[in-house]
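Asks: Each chain is listed here by its residues.
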Amino acid sequence: MARNVKLLLASIAALLVFAPQTYGQDAKLIEAAKKEGKVVAYGSLESDTSDAISKAFQKKTGIEMEYWRASATKVMDRAMTEFRAGKPLFDVILTNDNPLQIMEKNGLFAKYNSPSAKDFPKDAIDPNLGPRYRNVIIGIVYNKSMIKPADAPKSLEDLLKPQYKGKLVMPDPTQHTTTTQWVASLFKLMGKEKADKFIHDLAAMKPILVESLLPAAERVTTGETPIAITYVKYTFMYGQKGAPLDYVRLGKMMGDGHYAPLSSKAPHPNAGMAFIDYFLGEESMGILAKMGEFVNRKGIYPPLPDADKIQFVEMVDLDTKGFAEKKKEYTKIFLQ
Amino acid sequence: MNHRTAAIRRALPTAWVLKRAWSFLSQPINWTFLGVAAILAFLSLYPSFFLLYGSFTDSPLGVPGHFTLRNYIQAYSDPAAYRLILTSFVFGIGASGLSVILALTLAWITIRTDAPFRRLFELTAVIPNIMPPILISISWVLLLNPSNGLINATLMRIFGLGQAPFNIYSLPGLIFVEGLILTPLSFLIISAALKGMDPSLEESAKTLGSNEFGVVGRITFPLMRPAILAAATLNFVRAVESFDTPAIIALPARIEVFTTKIWREALGSFPTNHNLAATYGIGILVIALVFVYLYRRFTSRVESFSTVTGKAFRPHQIELGGARYLASGAAFVLLIFLVVLPFVVLLLVSLLPYYHVPTWDTWKTLTLHNYRYILDTPRVHRAFGNSLFLAIVGASICMFLATLTAYLTVRTKIAGRGLLEGLVFIPWAFPGTALALGLLWAYVDFPIPIYATIWIILIAYVTRFLPYGLRAVTSTIIQIHRELEEASTACGAGFFATFRRILIPLMRPGIMAGWIILATIYMREFSASIFLYSPGSEPLGPLMYFLYLDGMRGRVGALGVVISIICVILIAFAQRLSRWEAS
Numbered sequence: 026m027a028r029n030v031k032l033l034l035a036s037i038a039a040l041l042v043f044a045p046q047t048y049g050q051d052a053k054l055i056e057a058a059k060k061e062g063k064v065v066a067y068g069s070l071e072s073d074t075s076d077a078i079s080k081a082f083q084k085k086t087g088i089e090m091e092y093w094r095a096s097a098t099k100v101m102d103r104a105m106t107e108f109r110a111g112k113p114l115f116d117v118i119l120t121n122d123n124p125l126q127i128m129e130k131n132g133l134f135a136k137y138n139s140p141s142a143k144d145f146p147k148d149a150i151d152p153n154l155g156p157r158y159r160n161v162i163i164g165i166v167y168n169k170s171m172i173k174p175a176d177a178p179k180s181l182e183d184l185l186k187p188q189y190k191g192k193l194v195m196p197d198p199t200q201h202t203t204t205t206q207w208v209a210s211l212f213k214l215m216g217k218e219k220a221d222k223f224i225h226d227l228a229a230m231k232p233i234l235v236e237s238l239l240p241a242a243e244r245v246t247t248g249e250t251p252i253a254i255t256y257v258k259y260t261f262m263y264g265q266k267g268a269p270l271d272y273v274r275l276g277k278m279m280g281d282g283h284y285a286p287l288s289s290k291a292p293h294p295n296a297g298m299a300f301i302d303y304f305l306g307e308e309s310m311g312i313l314a315k316m317g318e319f320v321n322r323k324g325i326y327p328p329l330p331d332a333d334k335i336q337f338v339e340m341v342d343l344d345t346k347g348f349a350e351k352k353k354e355y356t357k358i359f360l361q
Numbered sequence: 018m019n020h021r022t023a024a025i026r027r028a029l030p031t032a033w034v035l036k037r038a039w040s041f042l043s044q045p046i047n048w049t050f051l052g053v054a055a056i057l058a059f060l061s062l063y064p065s066f067f068l069l070y071g072s073f074t075d076s077p078l079g080v081p082g083h084f085t086l087r088n089y090i091q092a093y094s095d096p097a098a099y100r101l102i103l104t105s106f107v108f109g110i111g112a113s114g115l116s117v118i119l120a121l122t123l124a125w126i127t128i129r130t131d132a133p134f135r136r137l138f139e140l141t142a143v144i145p146n147i148m149p150p151i152l153i154s155i156s157w158v159l160l161l162n163p164s165n166g167l168i169n170a171t172l173m174r175i176f177g178l179g180q181a182p183f184n185i186y187s188l189p190g191l192i193f194v195e196g197l198i199l200t201p202l203s204f205l206i207i208s209a210a211l212k213g214m215d216p217s218l219e220e221s222a223k224t225l226g227s228n229e230f231g232v233v234g235r236i237t238f239p240l241m242r243p244a245i246l247a248a249a250t251l252n253f254v255r256a257v258e259s260f261d262t263p264a265i266i267a268l269p270a271r272i273e274v275f276t277t278k279i280w281r282e283a284l285g286s287f288p289t290n291h292n293l294a295a296t297y298g299i300g301i302l303v304i305a306l307v308f309v310y311l312y313r314r315f316t317s318r319v320e321s322f323s324t325v326t327g328k329a330f331r332p333h334q335i336e337l338g339g340a341r342y343l344a345s346g347a348a349f350v351l352l353i354f355l356v357v358l359p360f361v362v363l364l365l366v367s368l369l370p371y372y373h374v375p376t377w378d379t380w381k382t383l384t385l386h387n388y389r390y391i392l393d394t395p396r397v398h399r400a401f402g403n404s405l406f407l408a409i410v411g412a413s414i415c416m417f418l419a420t421l422t423a424y425l426t427v428r429t430k431i432a433g434r435g436l437l438e439g440l441v442f443i444p445w446a447f448p449g450t451a452l453a454l455g456l457l458w459a460y461v462d463f464p465i466p467i468y469a470t471i472w473i474i475l476i477a478y479v480t481r482f483l484p485y486g487l488r489a490v491t492s493t494i495i496q497i498h499r500e501l502e503e504a505s506t507a508c509g510a511g512f513f514a515t516f517r518r519i520l521i522p523l524m525r526p527g528i529m530a531g532w533i534i535l536a537t538i539y540m541r542e543f544s545a546s547i548f549l550y551s552p553g554s555e556p557l558g559p560l561m562y563f564l565y566l567d568g569m570r571g572r573v574g575a576l577g578v579v580i581s582i583i584c585v586i587l588i589a590f591a592q593r594l595s596r597w598e599a600s
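Residue numbers (the numbering used here), protein chains in the order written: chain A, 26 to 361; chain B, 18 to 600.
Hints in this document: simulated from the structure, not taken from any laboratory.
Reference listing, derived: stretches of chain A covered by chain B, where coverage requires no fewer than 3 residues with Cβ under 8 Å from a Cβ of chain B:
1. 70–84
2. 97–106
3. 266–273
A quick note: this is a predicted structure, and the numbers were derived from the prediction, not measured.
Using N, Cα and C, we set each Cβ at its ideal position, and we do this for glycine too.
From just these sequences and the hints, can you work out the full model?
Replies: Shown next, in the form of structure tokens:
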């Protein structure tokens, strides 16, 4: 009973705090945000992108954005530690689905319905975390100067052809968490039976295993290994600098969804909400797309050929036990 | 009467204890010991406590949990773990052994001979300590990978070979690269000890008919034992604990080492299993403490290493005659491997628009874009300021503490002095990321509001890297004969006067070597700073790490080049200052 009363009181308090500002990046919200002075975000969003957004946000609202960048797991470690110690310094977290779900279960986030959410497809909105602002897509990337587009693989199954033996690099699925998740989600693209066989056959190809998705892409730009399983956005990122990269048009591709939830104990709650409204807005999503990101706001695409034709499939979420089991399973398949 | 006797009996032990305590505290050396012990215990035990506690609990750090031995069972009941520990031992011994051999050769040529350009060699030998280890590993992959490594490709073209002569993706490749990464640390410790050696023993051997190489083999190197062991101990644990080089080289070669297992099961698991990481850390801690014990045993007869005595001496230089050019040539070849090749690759990476193996067309695309980023970005300027502050202030505080600790552990007979050394090593033995979380936990709720300021990073740096300073300074204090302090005390000088006027000037090579090691590490450190910095207090290490994470290899290269140049200036300045003070 007492617990229910507490819950009710907490809900009323939360409503009182957030309800007046729930909708609209109006002048009132910006004014209140300005009084708070700054917004603090922790995230795994790339520094260049966050720098560009921070500048544009400050120009538009006059509010300074402070950003602490780390890998998704480190973002979670720091945010949870501060939260448990009762000293959270962050207002917003910008990272991917799996760690955010864990943080959400631990009560780190407040529900905030940003008015900018209306421009996102309904299936890209999480009931707790809000709009999935970008999809980080994993596919097949290859070096055009080493493999002619006509000779490049056309599907995931093509990677098993003998001519590609010794030419494929991928992150170690027993080490790299996102790759563990990608391999474990392959059934979503090809069904369980086919996926199981594909995983065994892929391991039998003895792909070169590296630490994460970035070194996999870099080995393709250097020409050390011509084909990689890596983020498709690297095709644009390195291509812009002159690297001869292209990606295989697989149609359906899997990846990670990223969100921007508000902290439930934000030291600057108004600034946090004003930032989320701006961040999910057209200008900010345009900046992200220009930098090669696949954003979910309707009608905005990265400057990558056929980007609008990619059908995004979100990878399955794994819990701690799930990850441990899959890593063990893949150790047997890929390393023994 | 009975009551009175009983009261006296009760009071006597108390009075005895008080008297002993008073006589203990009346000696300045003793309260210095207590002060240093308190500081070290706080720095070391406070964050380590969270990790130690974490290894025995089933909930995340900071959350009350239940006592469990499950982490230990999981970590050490797997037979594969011992196979991997064995591989790590081979890797650690190989890499630290190689680093000591290279460092001894280089230090002997630069300090003890009249080889031309020796000053320049001495200055440049430290550069690899400045470059992030991950960049050195990547440079060697670019040079020696079997597909299109620059050296392999060149040799194949020149000699018409059908297959690449070298394969970096192998255990020898791993040992080679890690050995090169570890050499500057060995070089600094060994060269400091060589500088402090009295040549009279060598001269006696020569008088008795030994040739130059006989002297080196029978006199010089045996006397260097404390320094060699210090360097080997530090580097062995550093290699066993390292993840950067194995991640770049061992993983594609499918070689498993102990840290790969730690990464897979603990640090790289999702969410990170810090309890298990801390448990693995305890294993590395035990290994480190065994090595500290062995080091103390091997150097326990300290008098036999004392070569710095009351008699005046000037560093003796061996005249090599015509062979001095050969010695310079050998040093130059070593420096090509240690400094020139990785630095050239770093420079190239900083000038390339994207990371690739250069062809003739590449030269047309070289750009200064990455250097412009350094010049134009206020965030980079702020990071330079923060790192310079941390390097200069942090290294100075650390060396002050290390010098006091070295004196107390080597020179005094105070009970429990050995514990000080153990305390220093505790935080160092935990994997960097695990310790960073321990530090975060320790200081996030600290009563003095230092969390999210630059001071917390300073504390973290001193905590983690004190062993480097301690080892560098201990190996030189062992060389100083007691007669000098005794003479000072006999002349009426107290502990502080003797310490300041006799020991510190004589220990200067060790202090300077330690300072340089620490300042260069602090300029680029990231694993301890990553959790602790806040946007305003961001040092260069995390900035470089994020640029690396974002695929901005060119910017990391450019920052690496600029940091190397700043560090060389810093080192030259420190060395000049030390010589100026000495004169």
